[in-house]
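J.: In order, the protein sequences belong to chains G and D.
Each residue of the first sequence is one higher than the one before, counting from 1 in the working numbering.
Each residue of the second sequence is one higher than the one before, counting from 1001 in the working numbering.
Treat the hints as calculated values from the structure; they're not laboratory data.
Any given hint could be a false lead.
Capping the alpha-carbon separation at 20 Å, the derived lysine to aspartate or glutamate pairs in EDC-like fashion look like this [to be verified]:
| no. | chain 1 | residue 1 | chain 2 | residue 2 |
| --- | --- | --- | --- | --- |
| 1 | D | 1082 | G | 182 |
| 2 | D | 1004 | G | 182 |
| 3 | G | 154 | G | 182 |
So you can see what is in the structure, the chains are spelled out below.
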Amino acid sequence: MKKLGKIYIGLVLMFLYVPIFVLIVFSFNETKSRSVFSGFTFDWYEKLFRNEIIISSLINTIIIAVLASIISTILGTLAAIGINSMKKFPKAVVLNVTNMPIINPEIVTGVSLMLLFVFFAARMNLEFGFVTLLIAHITFDVPYVILNVMPKFKQMNPHLYEAAQDLGCGPFKAFVKVVLPEIMPGVVSGFLMAFTYSLDDFIISYFTSGSTSQTLPITIYSMTRRKVSPEINALSTLIFLVVVVVLVIKHVIETKQAKRNEAYGRD
Amino acid sequence: MKLKAFSAPYLVWMIVFIVVPLLMVVYFAFTTDNGEFTLEYISDVGQYANIFMRSIWLAIIATIICLVVAYPLSYMLSRMSKHTQSTMLMIVMLPMWMNFLLRTYAWMTLLGNNGIINQLLGMIGLGPFKLINTEGAVVLGMVYNYLPFMILPLYSVMVKIDKSVIEAANDLGCNSFHTMFRVIFPLSLPGVTSGITMVFVPAISTFIISRMLGGGSNLLIGDLIEMQFLGNSYNPHLGAAISMVLMVIILVIMTVMNQFSPDDQVLI
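Could you build the full structure based on these sequences and the hints that come with them?
T.: Given below as structure tokens:
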């Protein structure tokens, strides 16, 4: 039984990884063939780094992800503080609306924002491009920040804030010194989640970007639409490497932390 | 200090960029270009019944395959030692971090008429088979892309099932089959329902997977919507109407799923 289980896990992992490894192998292929490996080369990587569209859309993606995640972290954290002190009914309403971009299919969110931007574009001086992309990214990022920060308030002792004020802190100082450190883990994980969602998003960007401001996923999409180009394989390999490195580092840090917590007898 | 005021900027943002756009979808679905009320576009959606049926059907198949594949895997993961668990979970989730366009592109390479699978089959004298541009390829793409969405909620529910509960069931005379269906499965139900919604919603609304792996012939609802907004047949009113119907379908399915949620279980 145990053996069967291991074989099963192995098969699923194969299903998950074989396509990626095939991409990686063919990124070193001399010819454009996607099925016959004829010789080893780094040409596609060279071409990739000289491809201005890819490089500029990569930079664009990073700028948008950084801006969107920072703005949505601030907006979302403030929102969570406010929502937390709301009465039951308005709180439920706001949280339900906040959940909508998460529950709704991405294509509907993308299309609805596109309708709004088209409306504004016709009446004001708004063009599809960097600004619309940024707004769209903030819009789907903020809910994740709120979702990550809200539970931290539940875990916090509500009297701490009052106690700090009783002990002579002003409201602002009490907030910075007492509340903020308590909710910080949620803020950080919200930021990271927003950042990765922004980096990775294709569907919503696809509907809200103009021709002037492209993100990397959009560029990848238009590359897959055109002829076969092993540059995509090279790009996949690099992205895969980055993902592996980041996740392994994250894993090592978490394991160390877990061990340390165990040593101190904490949960 | 009024803490509530902190949420003011977000509330404005939420209304302008979440509520208003969704209302615009509804408005567009029910009006003509001149702003007159019409049911024309909603009834036009009926013409695409076959595409709707195909989307629902393919999404259901993909969801079932995901559930069947993910369930044993998640269970085995949840019974591993703590350290192995977190490492295995990382390995299982890692492909998810690649952009899904690249993941889908990988299958284009594999399934192509001159692709590796056909080449390998050719070596043993089989094929070539038409693998890409079929409904099967679309389902495969859905399963490949959304499988982790099923594994994660299943795993996170199963990991909380106490080992002693299973042992108790065994002690009280359950064989492993009974333990599975009368103890583990009911306890994992919240994970099953959230896994199903997490796979079904993106699967039914995708337009990339169908376009990349399904060729032009296997249109899904997502393709239909995309065509009305960015494609050749520009018609935001019809697109909005289709989007609305899609939202209603998903709402219905989520309501049905919620019937199985743990809150109701407690009542029974």
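J.: Each hint needs a verdict: does it hold in this structure or not?
T.: Verification of the supplied hints:
At roughly 27 Å between alpha-carbon atoms, residue 1082 of chain D and residue 182 of chain G are farther apart than 20 Å, so this suggested pair is violated. Using a Cα cut-off of 20 Å, the hinted pair residue 1004 of chain D and residue 182 of chain G holds, with the two alpha carbons roughly 19 Å apart. Using a Cα cut-off of 20 Å, the hinted pair residue 154 of chain G and residue 182 of chain G holds, with the two alpha carbons roughly 11 Å apart.
Of the numbered hints listed earlier, the single one contradicted by the structure is hint 1.
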